[in-house]
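The task is simple: from the sequences and hints, build the whole structure.
Which chain is which? The protein sequence lines are B, G, W and P, in order.
At position 164 of the first sequence (counting the first as 1) the number is 164 in the UniProt record's numbering, and the numbers step up by one without a gap.
At position 172 of the second sequence (counting the first as 1) the number is 172 in the UniProt record's numbering, and the numbers step up by one without a gap.
At position 273 of the third sequence (counting the first as 1) the number is 273 in the UniProt record's numbering, and the numbers step up by one without a gap.
At position 66 of the fourth sequence (counting the first as 1) the number is 66 in the UniProt record's numbering, and the numbers step up by one without a gap.
Check each hint, because a few of them may be wrong.
Pairs of lysine to any residue residues, derived as SDA-like cross-links and limited to a Cα-Cα distance of at most 20 Å, are as follows [unchecked claim]: (1) B:K352 <-> G:T361; (2) G:K246 <-> B:K342; (3) B:K56 <-> B:E309; (4) G:K80 <-> G:Y30; (5) P:K352 <-> G:G349; (6) P:K367 <-> P:A268; (7) W:K80 <-> W:S253; (8) W:K341 <-> W:A268; (9) B:K352 <-> P:G349; (10) G:K315 <-> W:G241; (11) W:K246 <-> G:L301; (12) B:K342 <-> B:G83; (13) P:K246 <-> W:D312; (14) P:K370 <-> B:S357; (15) B:K342 <-> B:T361; (16) W:K352 <-> P:I360; (17) P:K341 <-> B:E50.
Chain W is faced by these chain G residues, among others (derived, beta-carbon under 7 Å) [claimed, not checked]: (18) V6; (19) L9; (20) I10; (21) L14; (22) V39; (23) P44; (24) R118; (25) P122; (26) T123; (27) W243; (28) N282; (29) L284; (30) S350.
No wet-lab data here; the hints were simulated from the structure.
By construction, the Cβ of each residue, glycine as well, lies at the ideal position given by its N, Cα and C atoms.
4 protein chains.
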Amino acid sequence: MVENDVRHLINRKLEHVEVTVFGDVSRKTYTMLEDVTLVHQAFPGISLEEVNTKAKFLGFDVNAPIMVTGMTGGTPELGKFNGTIASVVEELGLVMGVGSERIVIENPSSEESFRIVRRNAPTSPLVANVGMPQISRGYGLRELEKIVSVIEANALAVHLNVAQEVFQPEGETDYQEEVLGKLKDLSSQMGIPIILKETGCGLSMETVRKFSSYGFHNFDVSGQGGTSWIAVEKIRGERRGNWKSKSASLFSSWGIPTAASVIETKWADPASFVVGSGGVRNGLDIAKAIALGADIGGFALPVLEASLEGRDAVKQFLSEVEFQVKVAMLMSGSRDVSSLKKAPIVILGSLKDWMESRGITFSTYDKVRKGGY
Amino acid sequence: MVENDVRHLINRKLEHVEVTVFGDVSRKTYTMLEDVTLVHQAFPGISLEEVNTKAKFLGFDVNAPIMVTGMTGGTPELGKFNGTIASVVEELGLVMGVGSERIVIENPSSEESFRIVRRNAPTSPLVANVGMPQISRGYGLRELEKIVSVIEANALAVHLNVAQEVFQPEGETDYQEEVLGKLKDLSSQMGIPIILKETGCGLSMETVRKFSSYGFHNFDVSGQGGTSWIAVEKIRGERRGNWKSKSASLFSSWGIPTAASVIETKWADPASFVVGSGGVRNGLDIAKAIALGADIGGFALPVLEASLEGRDAVKQFLSEVEFQVKVAMLMSGSRDVSSLKKAPIVILGSLKDWMESRGITFSTYDKVRKGGY
Amino acid sequence: MVENDVRHLINRKLEHVEVTVFGDVSRKTYTMLEDVTLVHQAFPGISLEEVNTKAKFLGFDVNAPIMVTGMTGGTPELGKFNGTIASVVEELGLVMGVGSERIVIENPSSEESFRIVRRNAPTSPLVANVGMPQISRGYGLRELEKIVSVIEANALAVHLNVAQEVFQPEGETDYQEEVLGKLKDLSSQMGIPIILKETGCGLSMETVRKFSSYGFHNFDVSGQGGTSWIAVEKIRGERRGNWKSKSASLFSSWGIPTAASVIETKWADPASFVVGSGGVRNGLDIAKAIALGADIGGFALPVLEASLEGRDAVKQFLSEVEFQVKVAMLMSGSRDVSSLKKAPIVILGSLKDWMESRGITFSTYDKVRKGGY
Amino acid sequence: MVENDVRHLINRKLEHVEVTVFGDVSRKTYTMLEDVTLVHQAFPGISLEEVNTKAKFLGFDVNAPIMVTGMTGGTPELGKFNGTIASVVEELGLVMGVGSERIVIENPSSEESFRIVRRNAPTSPLVANVGMPQISRGYGLRELEKIVSVIEANALAVHLNVAQEVFQPEGETDYQEEVLGKLKDLSSQMGIPIILKETGCGLSMETVRKFSSYGFHNFDVSGQGGTSWIAVEKIRGERRGNWKSKSASLFSSWGIPTAASVIETKWADPASFVVGSGGVRNGLDIAKAIALGADIGGFALPVLEASLEGRDAVKQFLSEVEFQVKVAMLMSGSRDVSSLKKAPIVILGSLKDWMESRGITFSTYDKVRKGGY
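Written as structure tokens, this is what we have:
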């Protein structure tokens, strides 16, 4: 890749952070977690101290079902944020992912901005990150091993971002089915789990079934309701006079709301491991996502925002989220995360209608989410 | 308890009244009584004079199904409000409860603020009040008998307030199941009925089933939609810089709306005695709560507010509520409270969806509320 | 009745008109006709000229299914409005009712304000009007024959207004069942049809079943959504410092919305004759009411308002309504009123939920409204 | 036709364009396409380049399922817009219809404003246009052949506009059933397909069944949600003091929303060819209409508006729409238009209730729209 391209990639990453944090790119739509109520239990049968938030992340023990999902890396500035977040994740015993590492392959000097994550979080489960289009376009074992090794990752997230790419002038929309076989082979050779991950538009039951048929069973739904990458591209497009930006605006509410996507994913592959993310902003959202069928909840933007204020802000934010998860567990009568998955819930409004349109009855799904499939 | 702790408890009580009456602690959410319609009967078959509002409260006769639920007591000022309310309750033949009497045990000089209630309401059914955490933490027969005797109570309400305690710096969230057995034993020894009572978040069918299995069958649902104690704690927390106050804000709409809670309670224990409270503000709310399955309706805040204006205001308010109950009974064609329980109702909107999510069909519930279980 | 009482009655009538026209007494709620859609038929198979709006009103032929329902009379001023309206009703071939004629019995000098109606509408079907409480309190054949003869009425409406009376200081809420037997006897003796008529709160299926069991089968639903007589009494009460006015405000949205009331009435007595009124304001509302099961649509307030501007305004208003009925018939593919009763309709929103709560399925009701019972 | 009448017709056409573009005639209501969600497929299995938008229009190949529906023509000015649009339609390989050609019969000098369309679009499928009332009132083979030959049309649209005519002072509302037989005969003689087309109020299942029974199977639904011709007539009426304009206002939300109309049409005649139009404004609307059962999407107003700005604006607008269709196809996992017809969809809100009222279950309709009838 010529120098110009690398500079371009770096600038794009910086602009993504800037637009995400300061631009108006929060969804007009919503996560449909608003349509979910955890039923209050006035007599939980336990005290707050007895609530056990410990969870499993792909076999690793974590103190709470909270994941900082991948968002950044690539330049010294962005590396600093990564480092700050990593040290808090280590202290609190959570999980962390990094932003797309394509830049590591294309510009070795960017490595440090990722390496700092493992250095500051020596024992935490960490998740490397690469885009599906890069694998379509030629990344092989060498590149993926490089990407994984930079953070000594415990898992590799392969992100799908067709909705973002399609509105980029430089967009790559290669999603031919062959790449799934190739990825499966690479995954066997690398020996670490692969997480298939959307980037704000959610996974559908059809997509999950296709992935399952190739032997993939770990998913990060990243549903609609959080950062709209389409809106990010719209703002970038307007700055450059890209004619696609008007269309990007039209599609800014495209996607599957997070709550619906968790349900579709679990419905399609009941034994799968699911990260509930996309517009998740606090511990109550996380608890709802888990009660709906996720194994862990994830977010990136609120942590990135806190990291601009420094380590204390990140620690305070994540501690509050952990407290909120614990409170939601206590008041829904859930002694541990596995009880939370079975906690009584109420589903109203559009999410109820969504399920009906998709042929998912509440009573059948209630068994699925509780593990009775 | 050292003097400092007592002063602390007294100040907390005063602050609770102040924040409740003057702070913005009414729910952003609603009681779902808004989703209930009593069907108008153009030809009631009776005149207003013939409508009989007499009701039973745990075996005692009352002139109308109206209860002033427990809210205050503990200091001379708060005792004055208690006394004013009690004398009107006696005059009108209603039911009254007092606020938490923990302070009676910890500070004997506070007794007078409760004793005045029985003095001013010598023949009314009165309900003593203690928190479940106090029983968890050691209250025995001696303490409960003291609490009951101070107002020569006809029943003892044991309140559950996990949602409030969890956000207090000093919060006690002990809700281990053992306490239910202990409370059952104490109740047999005392020989007066126990009412299990929420404090603004409502009782669920799971919670009611647990209580029933221990032999408790009297409930005060105190559902979501009225005073949010979580919001009260949020305001108190902000004043003190308590880091939990941000989380308290997140949970301020947590809970089971009053109408849903009445239905869940009756569904779980069809033969139970149910006080419909939580955001109840007038006689139409009370009539709806009874038609949904409650035996009596209750409220505290509007009476407390009237008591700040004096005895006349309390009497006028409660007389209007009684008139409103009577009008709602007349126009729904209900000759007496037992007819009101069978009056035709319509359930629309979110309450309809809530029931569906909880597996409660309207037609089956219609039989349950009418006593046909 | 002493002179003072008569003056009182006259003043009340004048104040009713004044408050109704100038006060804010339109419902906060709605008629639920908003939830009804007549399905457009792009190819009606007829021309506008061929649409036949002729209808039957209790055996009488009328040019369109439009009734000016009873609202006023009693003083020379109010008689003038009655006369204006009557002459237009005669010209257009519609139906007209008058306001309560109790004043005719109590003050013979008020007769002229009613007699003018028959004088100006010599061939139109006219409906006399008396309150059910008057019959409870003693009116017999003599009084009813007087009331009927004053306008040589073709039918007698007996109005039910418990919701209004209950908030009047002078209110009469006698609705004991005996009066129905008495009324049935009187009706046999008089030999003209009786219409049982609500006054803004609608008829329920339970009420209609009771009436049917006594042999009454003509109904004017007068549902919720139009003039709220409760709100009228609230304003009158505030002027007089009546303590009931606060409660009147609470009940101002009490009642059965017009669309729901038409359905309940037809459901309870499929062969009955039904006037669809209450918040009906134009010809589209009338067409919807008929498609829902009514035989004719009725309104009072918009005609009264037009009459303040004079005869031309009344004629223009009623001609437009007739045109609107005709347009709605054409575009729903209804050649005549009997086709309109079978025209395809769509029911959305709260009315759909209302029917569900009342155990009325759309498909079964669809047969009932089409006459297939 | 006398000269005055022709001038009148010309002026009416000019005023229609003026009011449509500058007046407030967009619907208060909506298309119900808002209630439809195409389910996002994160891994489409194809790239954007592989998406094939080619479609069939009555046997003709087009590059994308986009039709500029008929709106204008008749004067030199309006002919200029027609010419501009036609040349872009030719370049992009789309379909185009023209406005009502009645004026061609009545004023031969208007021909040129239509002829320019075929001249500028020599190879595109073009659709001639005549009103059903003209055929009722006497147009025979000679007139229709003239209308078709002026643009060497590939199909003839016969438009139904009873809702517009009924509010015109000069309105013609002849829709007697005989005309359908006559039209069928004419169509056999002419040998080109007939499209029956609404003009903003939508086709119902009853209407479509009637047409099918006469052997017509090509429909342009033109549902409610776009330009309200009733609102156009209301504005024209007010300018002229036409008393019908108040009634026009009342009916301005009359009609079948576009999404509901596509479903009703396909439900009534599953093998029919359907143009989804009415409030369609972009490529996402078109993709939804096709997923609901249409074969092609159509619009007129946004193209007319662009044509006021010139050829570049028209080309840019239509290119963007084509891109949007392609993006919606990619992200719903639809390789071609026939896959798009089977793409997973979610139906929420009023459209769901509409279907229920009309006896159409989602699961049965899902088979119909996918061709499994």
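Hints, one by one, checked against the model:
1. B:K352 <-> G:T361: Holds: B:K352 and G:T361 sit about 16 Å apart, inside 20 Å.
2. G:K246 <-> B:K342: 27 Å, violated
3. B:K56 <-> B:E309: 30 Å, violated
4. G:K80 <-> G:Y30: 31 Å, violated
5. P:K352 <-> G:G349: Holds, because 16 Å separates the two Cα atoms, which is no more than 20 Å.
6. P:K367 <-> P:A268: 14 Å, holds
7. W:K80 <-> W:S253: Measuring from Cα to Cα gives roughly 32 Å; hence the hint is violated.
8. W:K341 <-> W:A268: 17 Å, holds
9. B:K352 <-> P:G349: Given pair B:K352, P:G349 holds - Cα atoms ~11 Å apart, limit 20 Å.
10. G:K315 <-> W:G241: Holds, at about 17 Å.
11. W:K246 <-> G:L301: Judged against 20 Å, a Cα distance of about 18 Å means the pair holds.
12. B:K342 <-> B:G83: 36 Å, violated
13. P:K246 <-> W:D312: 16 Å, holds
14. P:K370 <-> B:S357: 15 Å, holds
15. B:K342 <-> B:T361: 17 Å, holds
16. W:K352 <-> P:I360: Answer holds: W:K352 to P:I360 is near 16 Å, not above 20 Å.
17. P:K341 <-> B:E50: Violated, at roughly 53 Å.
18. V6: 41 Å, violated
19. L9: Violated, because the Cβ-Cβ distance from G:L9 to chain W comes to roughly 38 Å (cut-off 7 Å).
20. I10: Because about 36 Å separates G:I10 from the closest Cβ in chain W, which is outside the 7 Å limit, the hint is violated.
21. L14: Since chain W brings no Cβ nearer than about 30 Å to G:L14, farther than 7 Å, the hint is violated.
22. V39: Holds, about 5 Å.
23. P44: With a minimum Cβ separation of about 5 Å from chain W (threshold 7 Å), the hint on G:P44 holds.
24. R118: It is violated, given that the least Cβ distance between G:R118 and chain W is near 30 Å, above 7 Å.
25. P122: At 28 Å from the nearest chain W Cβ, G:P122 fails the 7 Å test, so the hint is violated.
26. T123: 27 Å, violated
27. W243: At about 42 Å, which exceeds the 7 Å cut-off, the nearest Cβ of chain W leaves the hint on G:W243 violated.
28. N282: Holds. Min distance 6 Å.
29. L284: 6 Å, holds
30. S350: Not OK, violated: G:S350 not within 7 Å of chain W, min 11 Å.
The earlier numbered hints that this structure contradicts are 2, 3, 4, 7, 12, 17, 18, 19, 20, 21, 24, 25, 26, 27 and 30.
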